[in-house]
Amino acid sequence: MFCLFVRRIAFGCAQMLLLLNAAAAAPPNTNNFAVSAAQMQSLGVTLMPLEEPGSIDGTAYPARVVLPPNSEQVVSAPFAGRVDELLVFEQQSVTAGQPLLRLNSPEYGELQLQLLEAASKARLSQKTLRRERQLFDEGIIPERRVQEADAGAQEAAARLKYATAALRLAGVDAGSISKMADGKGLQDGLVLRARSAGVVLGLEVKAGARVQGSDVLVRLASLQQLWLDVQVPADRQTQALPKPAGNSITVVGRDVSATPMSVGPMVSDNQSVTLLARVVRGAKLLRVGEAVQVRVPSAQSAGGWALPLQAVVRQEGQAYVFLRTEKGFVAQPVTVVSSAGQSVQVTGDLRAGQQIATGSVIALKAAWLGKGGSN
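Taking our numbering, I'd label the letters of the sequence shown as residues 1 to 375.
Source of the hints: derived by calculation from the structure; they are not laboratory data.
Bear in mind that the values here come from a model prediction, so they are computed numbers and not experimental data.
Please note that a few of the clues may not be correct.
[Said to hold, decoys possible] Here are the simulated DSBU-like pairs of lysine-lysine, each with C-alpha atoms no more than 35 Å apart in a straight line: (1) Lys161 / Lys121; (2) Lys161 / Lys184; (3) Lys206 / Lys179; (4) Lys327 / Lys284; (5) Lys206 / Lys121; (6) Lys121 / Lys184; (7) Lys327 / Lys206; (8) Lys184 / Lys206; (9) Lys127 / Lys206; (10) Lys179 / Lys161.
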């Protein structure tokens, strides 16, 4: 057995010498060189037929699921008071207008009183203005009285508008404000409601707690739209620029895709840049704050020839593949546009149906150059 092994090695070396001699005899600066079928078999050269051009999965990078800045809703205290009751719990889904908590405050009572007084004065001033106009039309009073009544009515209307706006900023709906202005529906506590549908991310207070004006009470977020915060090494950011439609980022292991939006202008301490992508499919399969792996297609080309990594060799900075010909091989220049794992994507003068070498490519490179070589 040992003798047989030695003979096989010797035969392979002899075939390699024949390849080197053939390459040495070839004209200079040519990419064609002869290799027979027997020599291919002894060297273990394997071939792969080229199929139609296509894209590869892309390069994998770490990412985190985040919320867009405009999707978070912060409910704060409109004035100082005491949290009387919490009406929701964390991670609960809420609808637009749903009650979140009840807040008791002396300031809320004062705002209602100001509204009631302003509404009463506004009604009275309007009656006075109508009476003065009627008397003026009858020639009983001078026009100055009408002008004074009109100024008083405008002032009262402005005060009513201010009182109404104060309650609206506090979170009171228009229907409740209208009832308060008529002296009906006065409340001892304010119920704060969700402005839009979402999920309760956090409760910042407990029942019975005293709060000051503008203190954060509840944090809500809409989960209808999610982003991916992808960390791309700074030296590869040119491969992660926003892509045209149809070249989306995919999440490894899930049916989730996202569209790249922008690449951050700054490099972090770990020498990476942030690529933001908007999730367009499968958002329900993700959770905010979750760490995932994503694949980012190359920004240089959406198509190309997907080849095994070992099929590509380099010589003086140029990438080549070895195409099978009738007498041997030709070293065909190609451009590597992306790589992912053990696959590369190349472009060049290639055609479907051609055969390229995928095994013992180093031996073919040595035969092509007429000397020993490596990748």
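Enumerate the violated hints, using their earlier numbering and listing them in ascending order.
Of the numbered hints, 4, 5, 7, 9 do not hold.
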